[in-house]
Amino acid sequence: MMELICPAGTPAALKSAIDAGADAIYCGFNDETNARNFPGLNFSRDELRKGIALAHDRGAKILVAINTFPRASAVDIWHRAVDDAVNAGADALILADIGLMDYTARRHPSQRLHVSVQAAAANPDAIAFYAENFGARRVVLPRVLSVPEIAEITRESACETEVFVFGGLCVMAEGRCSLSSYATGKSPNMQGVCSPPSHVTYEQTAEGTKSSLGGFTINRFGVSEPAGYPTLCKGRFSTAQGAGYIFEDPVSLDATTLLRGLRDAGVTALKIEGRQRGRAYVESVVRHFRHALAALESGSEADIASLKPFTEGQASTLGAYRKTWR
Amino acid sequence: MNDPSAVSPGPLPTIPPLVALAMRPLPLLPLQLVLGGVLQRIHRRNPAIFDRLGAHARARFGIKPIDLPFAFVVEAKPPRVSVVRELTPGLDARISASLANLLALLEGRVDGDALMFSRELVIEGDVEAVLALRNTIDDAQLDLATELSSLFGPLGAPARRAFEAARGHVIGSSGQGEQSR
Ligand code: SF4
Numbered sequence: 000m001m002e003l004i005c006p007a008g009t010p011a012a013l014k015s016a017i018d019a020g021a022d023a024i025y026c027g028f029n030d031e032t033n034a035r036n037f038p039g040l041n042f043s044r045d046e047l048r049k050g051i052a053l054a055h056d057r058g059a060k061i062l063v064a065i066n067t068f069p070r071a072s073a074v075d076i077w078h079r080a081v082d083d084a085v086n087a088g089a090d091a092l093i094l095a096d097i098g099l100m101d102y103t104a105r106r107h108p109s110q111r112l113h114v115s116v117q118a119a120a121a122n123p124d125a126i127a128f129y130a131e132n133f134g135a136r137r138v139v140l141p142r143v144l145s146v147p148e149i150a151e152i153t154r155e156s157a158c159e160t161e162v163f164v165f166g167g168l169c170v171m172a173e174g175r176c177s178l179s180s181y182a183t184g185k186s187p188n189m190q191g192v193c194s195p196p197s198h199v200t201y202e203q204t205a206e207g208t209k210s211s212l213g214g215f216t217i218n219r220f221g222v223s224e225p226a227g228y229p230t231l232c233k234g235r236f237s238t239a240q241g242a243g244y245i246f247e248d249p250v251s252l253d254a255t256t257l258l259r260g261l262r263d264a265g266v267t268a269l270k271i272e273g274r275q276r277g278r279a280y281v282e283s284v285v286r287h288f289r290h291a292l293a294a295l296e297s298g299s300e301a302d303i304a305s306l307k308p309f310t311e312g313q314a315s316t317l318g319a320y321r322k323t324w325r
Numbered sequence: 000m001n002d003p004s005a006v007s008p009g010p011l012p013t014i015p016p017l018v019a020l021a022m023r024p025l026p027l028l029p030l031q032l033v034l035g036g037v038l039q040r041i042h043r044r045n046p047a048i049f050d051r052l053g054a055h056a057r058a059r060f061g062i063k064p065i066d067l068p069f070a071f072v073v074e075a076k077p078p079r080v081s082v083v084r085e086l087t088p089g090l091d092a093r094i095s096a097s098l099a100n101l102l103a104l105l106e107g108r109v110d111g112d113a114l115m116f117s118r119e120l121v122i123e124g125d126v127e128a129v130l131a132l133r134n135t136i137d138d139a140q141l142d143l144a145t146e147l148s149s150l151f152g153p154l155g156a157p158a159r160r161a162f163e164a165a166r167g168h169v170i171g172s173s174g175q176g177e178q179s180r
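So the protein lines, in turn, are chains A and B. Heads up: the first sequence begins at 0 in numbering that gives the first Met the number 0, then just goes up one per residue. Heads up: the second sequence begins at 0 in numbering that gives the first Met the number 0, then just goes up one per residue.
Just chain B, same shape as in the assembly (with noise of 0.2 Å):
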């Protein structure tokens, strides 16, 4: 379980522009086939996961971190994830944010209410439809490094070592929280 510690809710670092234009030629299809693992794995484990969804199980989310030359298609039911270029039409509501607001948000570490009125997070589409999947996420107090390294079998002691220091990198601290005064 991940410590629900409050990170800053100050600004995040956001990715710089020059990684991001490396990372613009990357082939999509191996993160899609992580991302999708890690979902199938996190509903597998607990299949009433999505049930605070509710009528809005089959939404379709777009998810765009806008510091990284992707975005993301979220489904629920059933759970599947899809790694696009851009974001097209047609979707249920798209979701745009800095990826360390993204993650820290994903963990229940930043209050997604505050980053709206601090304008870090933006919504387009279904209201509902997000704020259904924020409530969902914030009770399934994920932890993205013990979801990561589950994939890595007998490395994942290794593995979830890196994808700590690689999030505290991102998101900052995963101790106390460390507010703004």
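Isolated chain A (complex conformation) (with noise of 0.2 Å):
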């Protein structure tokens, strides 16, 4: 069966996965070292080492992002984090920057080492440069490839697959969009957040809601539109030919629908995003794909709850993995 990695950015959140039946957990530590840097979010290093005591108490596995690029004179902080996510008995440390892996692979030979989605590693010769240089063990897939893309991919690789299922959606090859770095200096790939909360504004007018970003408008609700978070590639634009959304519209990736292909594909592991959300919906998502899971397993027709509540826009997409557009 396809293994379920699920998010947690607070000690209770990962409590309720491993509640929930998540095969493992990926966290990070309450710093710029990963790509969920969120004001209150996150763990110390007691705190991951209790978690991870906990987890594999439970008999799940938790693996440790060190997912940003580590800053020119600041590589140290990165360093620390490598050695203390081993020391404290990580099962994985998901990685983006080469020099990060290398330091990895070197001091910590025995340590089992994920490719980050953030590193973009998109094609087999960029997987199997990871795989031959760093033992990498496995690949999050970036969210731009087609079902047929994964398979292939997964068929040509040395390395297990992970790809993403549900969650919030980045849509440029990730780790090298600097949308964010421009509008408010603050980028994912570098302090760990894409548009920060600190720039972040609701406004409430008679119209409704307008967001902002960095003093952008990213976009405006009316009183009963539902609303997202405004992340900058999720801007609504007014044109002469009327107003939406150009690169990204705000909606939640689902593919509850193709985990069979995804499995038949030969996916290894299955990602929910999320580690800035609370332990609601931790604990709902996670479940909605146990359940969906087991269903798969036998066979059987899945009834499981809707996650549309959860979704940004309240609206859901199968994002690239079926392709409509190139």
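Simulated from the structure, these hints should not be mistaken for laboratory data. You may find that some hints are simply not true.
Restricting the straight-line Cα-Cα distance to at most 30 Å, the calculated cross-link-like pairs of lysine-lysine (BS3-like) are [what the hints assert, rightly or not]: (1) B:LYS76 to B:LYS63; (2) A:LYS307 to A:LYS60; (3) B:LYS76 to A:LYS49; (4) A:LYS209 to B:LYS63; (5) A:LYS185 to B:LYS76; (6) A:LYS209 to A:LYS185; (7) A:LYS307 to A:LYS209; (8) A:LYS307 to B:LYS63; (9) A:LYS60 to A:LYS49.
To spell it out: a stretch of chain B is covered by chain A in this simulated footprint if at least three of its residues, at any positions, have a beta carbon under 8 Å from a beta carbon of chain A; those stretches are [what the hints assert, rightly or not]: (10) 20-29; (11) 52-61; (12) 100-110; (13) 146-153.
With the C-beta cut set under 8 Å, the calculated list includes, among others, these residues of chain B facing chain A [stated by the list, open to error]: (14) VAL72; (15) ILE122; (16) GLU123; (17) VAL126; (18) GLU127; (19) LEU130; (20) ALA131; (21) ARG133; (22) ASN134; (23) THR135.
Here a beta-carbon is modelled for each residue, glycine too, at the ideal position from N, C-alpha and C.
From the two separate chains plus the hints, produce the assembled complex.
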């Protein structure tokens, strides 16, 4: 059966994920070394050690995401994060930067390495490079591939593949988007946060809500229209042809209906996005996919709850998995 | 510890306007004393509870239940709750939602983002401070029935049952998540 990899932004969410049936939980330290560096989120060293002990006790694994790109002159912060995660007993490290992978492979040769989605390894040659040079065992594929492409890559790769099945979408070649840097001076690649909340404002007006990021209006939502977070690539533009989304709609990925195709493509693990979301999200989404996977195994019809209430804009998409454009 | 099951992400009930109207003349001080006592108790039991607020530990949050004729101003350092008729300007952030949604959020039974996407939760002011607060509360795994009943000393057990019944009434079942299908 494919593994279910679940997010945790707090120790309480980690416990919820285990209770709901996660095979593995990914989390990060409460600093710029991980790509979900939001206020009040993530783990201290002590919390990580306790989380790993709890997970191992319950038969689950902990994958530690150290998936931002080290700043010149501050590489030590990232090296320390790697050392501390290894010493805490992490089952795998999720890394994006080749320098950090090199450091880890040399310093901790027996540590299991996963290639983060942030590395944007989207073809067998790139994946082979990580496997041959750093012993990477798994690659998290970017969210820009169709299911047939995933099947082809998985067939040709020495690495296991992991793909996203639910949550927020990042539409650019991951790890290479500078929109957030341009608008706020902070990026997911360096500071671990895209469209940081410190730069977000919501303004209530008679017509509804205006959301802005760093002074740029990203969207206006009518009073009863579903809303979204003002992520830069999800802006709504007014043009002579009317108003609409150009890069991406405020929607969430939901690949529940594609699980069979992903299994047949040889995918090893399914990942749920959302370390910045609360316990209620983790609990419901993990349970949903646990039931869907059980139904897939037994060949029965999945009688599972809709995840629509947890989606951004109250709408979901199959993203690039089923391409209607290129 | 509360049952972490998520409640239905669909709309939760609101306080009927007539009930809210009847509450309008009630004095606010007794409620302030009770809530202040609960907050102090939570903080005494777990002094690290507000560490997740980080740089926002001194922020003043205005919480407005949209179906009640009063609001709350909450501070973490030092832990303090004021009950007010109206929120005044000068707060770092304001959070408005129905009482049921606010209570469910407090217990981590609903997802804050989901409430915002469906427009049932409105945030104004310092969004980063609100996120830090949301994450702090979500990790705290609060159980309001336990916290409130602890104020009742030897009558704690029956008080807890009463609060659990009231919670079931206001924010729905405390059992398995009755998700929308
Ligand atoms: S702006 Fe959009 S595409 Fe760019 S990093 Fe953020 S989520 Fe990804």
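Tested hints:
Our distance criterion of 30 Å between C-alpha atoms is met by LYS76 (chain B) and LYS63 (chain B), whose separation comes to about 20 Å. For the hint pairing LYS307 (chain A) with LYS60 (chain A), the CA-to-CA distance comes to about 28 Å; that is within 30 Å, so the pair holds. With a CA separation close to 27 Å, the supplied pair LYS76 (chain B) and LYS49 (chain A) stays within the 30 Å bound. Of the supplied pair hints, the one linking LYS209 (chain A) and LYS63 (chain B) holds, its CA atoms being roughly 20 Å apart against a limit of 30 Å.
Our distance criterion of 30 Å between C-alpha atoms is met by LYS185 (chain A) and LYS76 (chain B), whose separation comes to about 28 Å. Simply put, LYS209 (chain A) and LYS185 (chain A) have alpha-carbon atoms about 22 Å apart, close enough for the 30 Å limit, and the pair holds. This hinted pair checks out: LYS307 (chain A) and LYS209 (chain A) have alpha carbons roughly 23 Å apart, not beyond 30 Å. In summary, the hint linking LYS307 (chain A) to LYS63 (chain B) is supported, as the alpha carbons are separated by about 27 Å, within the 30 Å threshold.
Only pairs whose Cα atoms come within 30 Å are accepted, and LYS60 (chain A) paired with LYS49 (chain A) is accepted, the gap being roughly 13 Å. Only when three residues or more bring their CB closer than 8 Å to a CB of chain A does the claim for the stretch 20-29 of chain B stand; here the count is 0, and the claim is violated. Only when three residues or more bring their CB closer than 8 Å to a CB of chain A does the claim for the stretch 52-61 of chain B stand; here the count is 4, and the claim holds. Counting residues of the stretch 100-110 of chain B whose CB lies closer than 8 Å to any CB of chain A gives 4, which reaches the minimum of 3, so the coverage claim holds.
Given a C-beta distance limit of less than 8 Å, the hint that chain A covers the stretch 146-153 of chain B is violated, as 0 residues qualify and 3 are needed. Interface restraint check for VAL72 (chain B): the shortest CB-CB distance to chain A comes to about 19 Å, outside 8 Å, so the restraint is violated. The criterion of a C-beta within 8 Å of any C-beta in chain A is met by ILE122 (chain B), whose closest approach is roughly 6 Å, and the hint holds. Given the 8 Å rule on beta carbons, the hint for GLU123 (chain B) holds: about 6 Å separates it from the nearest Cβ of chain A.
Contact between VAL126 (chain B) and chain A, as hinted, is supported at the beta carbon level, the nearest pair being about 4 Å apart and thus within 8 Å. Checking GLU127 (chain B) against chain A by beta carbon gives a least distance of about 4 Å; that is within 8 Å, so the hint holds. The closest approach between the C-beta of LEU130 (chain B) and any C-beta of chain A is roughly 5 Å, which is under the 8 Å cut-off, so the hint is satisfied. Hint on ALA131 (chain B) holds. Least Cβ distance to chain A is approximately 4 Å, under the 8 Å limit.
The beta carbon of ARG133 (chain B) is positioned within 8 Å of a beta carbon in chain A (closest approach about 7 Å), and the interface hint is therefore held. At a threshold of 8 Å, the smallest CB-CB gap from ASN134 (chain B) to chain A is about 3 Å, leaving the interface hint in force. Below 8 Å, beta-carbon pairs count as interface contacts, and THR135 (chain B) has one with chain A at about 5 Å; its hint therefore holds.
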